[in-house]
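Peer 1: Residue numbers (the numbering used here), protein chains in the order written: chain A, 1 to 262; chain V, 263 to 575.
Hints are computed from structural coordinates only; laboratory data are not their basis. Note that the Cβ used here is the ideal one computed from N, Cα and C, for glycine as well. Careful, some of the hints might be misleading.
[As the list claims (entries may be wrong)] Sample of chain A residues facing chain V (criterion: CB under 8 angstroms; computed from the structure):
{"hint": "1", "residue": "Tyr59"}
{"hint": "2", "residue": "Arg85"}
{"hint": "3", "residue": "Ile113"}
{"hint": "4", "residue": "Leu115"}
{"hint": "5", "residue": "Ile169"}
{"hint": "6", "residue": "Ala199"}
{"hint": "7", "residue": "Gly203"}
{"hint": "8", "residue": "Pro214"}
{"hint": "9", "residue": "Ala232"}
{"hint": "10", "residue": "Phe239"}
{"hint": "11", "residue": "Met246"}
[Unchecked claim] A short, non-exhaustive set of chain V residues, derived as facing chain A with CB atoms under 7 angstroms:
{"hint": "12", "residue": "Ile304"}
{"hint": "13", "residue": "Pro306"}
{"hint": "14", "residue": "Phe314"}
{"hint": "15", "residue": "Leu315"}
{"hint": "16", "residue": "Leu322"}
{"hint": "17", "residue": "Met323"}
{"hint": "18", "residue": "Trp352"}
{"hint": "19", "residue": "Ala375"}
{"hint": "20", "residue": "Gly401"}
{"hint": "21", "residue": "Ala407"}
{"hint": "22", "residue": "Leu420"}
{"hint": "23", "residue": "Gly510"}
{"hint": "24", "residue": "Ala532"}
{"hint": "25", "residue": "Gly536"}
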Amino acid sequence: MKRSTKFWAWVVFALGVLYFLLPLIATIQFSLSIRRDRLTFDAYSNVFLQPEFQQTLTYSLLVGVAAIIIGLLIVVPAAYFVRLRAPQLRPIIEFVTLLPLIVPPIILVFGYIRLYSSSSILPLTNSSLGTNILLTLGYVALAMPYMYRAVDTGLRTIDVQTLTEAANILGANTVTIIVRVIFPNIIVAALSGAFLTLAIVVGEFTMASLLNRPAFGVYMQNVGANRAYEPAALAVISFIITWAAMGMIQLLARFAPKTQRT
Amino acid sequence: MSNNVDTIIETIAAPASAGVAPVRGGPFARFAGLRWGDYLGIAPFFLFAILFLIVPTLFLMVGAFQDSAGNFTLQNIVSLGTPEIFSSFWISIRVSAASAAMGAAFGLILALAVIRGRLPEAIRSTVLTFSGVASNFAGIPLAFAFIATLGRLGIITLGLRYAAHFDIYRAGFNLFSFWGLTLTYCYFQIPLMVLIIAPAIDGLKQEWGEAAATLGASTPQFWRYVGLPVLWPNLLGTLSLLFANAFGAIATAYALTGSTLNIVPIVLYAQIRGDVLNNPGLGAALALGMVVITALANVIYLVVRTRAERWLK
Chain A
1 MKRSTKFWAW
11 VVFALGVLYF
21 LLPLIATIQF
31 SLSIRRDRLT
41 FDAYSNVFLQ
51 PEFQQTLTYS
61 LLVGVAAIII
71 GLLIVVPAAY
81 FVRLRAPQLR
91 PIIEFVTLLP
101 LIVPPIILVF
111 GYIRLYSSSS
121 ILPLTNSSLG
131 TNILLTLGYV
141 ALAMPYMYRA
151 VDTGLRTIDV
161 QTLTEAANIL
171 GANTVTIIVR
181 VIFPNIIVAA
191 LSGAFLTLAI
201 VVGEFTMASL
211 LNRPAFGVYM
221 QNVGANRAYE
231 PAALAVISFI
241 ITWAAMGMIQ
251 LLARFAPKTQ
261 RT
Chain V
263 MSNNVDTIIE
273 TIAAPASAGV
283 APVRGGPFAR
293 FAGLRWGDYL
303 GIAPFFLFAI
313 LFLIVPTLFL
323 MVGAFQDSAG
333 NFTLQNIVSL
343 GTPEIFSSFW
353 ISIRVSAASA
363 AMGAAFGLIL
373 ALAVIRGRLP
383 EAIRSTVLTF
393 SGVASNFAGI
403 PLAFAFIATL
413 GRLGIITLGL
423 RYAAHFDIYR
433 AGFNLFSFWG
443 LTLTYCYFQI
453 PLMVLIIAPA
463 IDGLKQEWGE
473 AAATLGASTP
483 QFWRYVGLPV
493 LWPNLLGTLS
503 LLFANAFGAI
513 ATAYALTGST
523 LNIVPIVLYA
533 QIRGDVLNNP
543 GLGAALALGM
553 VVITALANVI
563 YLVVRTRAER
573 WLK
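Bound conformation, chain A alone (with noise of 0.2 angstroms):
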């Protein structure tokens, strides 16, 4: 094509780097000006030194994990078996994992909180461990979409049919194929679905903050209501949490094993 091409897809390549870089370097430069008259990172050490900081990063971070896990547990065996013997439940699934971004995280947890409230069947919101797993719960829909592509695309690179025969023949029984045959298989697509899931929950706030949790987000946006300089710090601090989980999904995609189907 023509020069005149190039040169605008370099302005408009100009302008994204305007847009997207501009509030970065804005937020380090701001979150370095706590002192009238020179950069410091005064406001980062304030916001470690404080103990909630700590507190509220490892409780989110316990969350995820633990949302992590289970939602690892709900979508591996569901995935496997829609693959292996019920294609036809497909559609249903794959309907149900994208009902988290129909349903809007607040409405999720607001009926969870009319749901499972101290009068009903099921009083979740009753005791703070209650709550908590009422959190990583809610934590495990809003992952379900991810989570459950991610496993999917696992599943498709490698040829479940025939690991699966193959086990059989040498006598593994159900469990044992998915814990040891197709997980080991699986486990990078799965942990960049965990990543993603990390990346999603850890500045979550919504959820946490309807369901009084003592959660990463909630500390952040009371940072931002009561202090200046140390919630640019949190940004930037957050932003570098984000990019690690993607760059190690980046990472990840390297290593995935695949066994094509011929």
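For chain A, the structure is supplied; the task is to place chain V on it using the hints.
Peer 2: Structure of chain V alone, referenced to chain A:
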């Protein structure tokens, strides 16, 4: 490289097969021929979906039609028409539509530029990777970043004031307003658009461009008669997805504007926090309204996407 971007895209983009139901013989025919073990494998998934996705949502939908004593009523739905709530729906729809349209437009141009603009390969992969990160950089921290950038004391606001003697706030800009929120939402809408539309642009075959050129078509003519018509269903579909994406978001707006800009999720949030016991039905009705709107947007996405598939084989 393209492999892992694919993973992200597949993870984000919805499948086309959802909603296609070629199975005959009643609703339970799908379950025929399964062994007990198969049920056990799938059961936890369905149990979870029923308890933590379907029932909570349906419970609210039903609640929208009940008064506090549990009798049937349309009063809650009628209350959605009060000026306050109506205007919150209206502003939500406007912010979502504007950020979706701007995100889709610039996302498309950006994707076209990096994929078909003959830019170095490294730029293409960097943009796609960055899009994966930025589309997930939402919520509270995104609001903080924009406050630090374009807030009253933001770096760019102050920079322009001192360097160019131009005060964007005097000129009418306000981060805590409709345009401020829209501009902020674009930070995750544009990358999402890039991620979803990139495979479609890859699907525009080189031969089509060559064929058009052989027949004497100029570049604008190629886009007018070939490129855009092929991308169109994808564009429209992604637009509705972006709309739904912005419509349900609350954290960014909450951290950015507090409650100065009353979009629906913020009204609902306040309702759940405080007011719920006074009028439980109204909260449920708000939820119903939101689900109806996001569901409509997603149905458009699914329908249009199924149609779009056929060109991209």
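Peer 1: Each of the hints needs a verdict: does it hold here or not?
Peer 2: Hints, one by one, checked against the model:
no.: 1; hint: Tyr59; in the structure: 16 angstroms, violated
no.: 2; hint: Arg85; in the structure: 5 angstroms, holds
no.: 3; hint: Ile113; in the structure: 7 angstroms, holds
no.: 4; hint: Leu115; in the structure: 5 angstroms, holds
no.: 5; hint: Ile169; in the structure: 17 angstroms, violated
no.: 6; hint: Ala199; in the structure: 5 angstroms, holds
no.: 7; hint: Gly203; in the structure: 5 angstroms, holds
no.: 8; hint: Pro214; in the structure: 15 angstroms, violated
no.: 9; hint: Ala232; in the structure: 4 angstroms, holds
no.: 10; hint: Phe239; in the structure: 6 angstroms, holds
no.: 11; hint: Met246; in the structure: 5 angstroms, holds
no.: 12; hint: Ile304; in the structure: 5 angstroms, holds
no.: 13; hint: Pro306; in the structure: 5 angstroms, holds
no.: 14; hint: Phe314; in the structure: 5 angstroms, holds
no.: 15; hint: Leu315; in the structure: 5 angstroms, holds
no.: 16; hint: Leu322; in the structure: 5 angstroms, holds
no.: 17; hint: Met323; in the structure: 9 angstroms, violated
no.: 18; hint: Trp352; in the structure: 18 angstroms, violated
no.: 19; hint: Ala375; in the structure: 4 angstroms, holds
no.: 20; hint: Gly401; in the structure: 5 angstroms, holds
no.: 21; hint: Ala407; in the structure: 4 angstroms, holds
no.: 22; hint: Leu420; in the structure: 10 angstroms, violated
no.: 23; hint: Gly510; in the structure: 3 angstroms, holds
no.: 24; hint: Ala532; in the structure: 11 angstroms, violated
no.: 25; hint: Gly536; in the structure: 11 angstroms, violated
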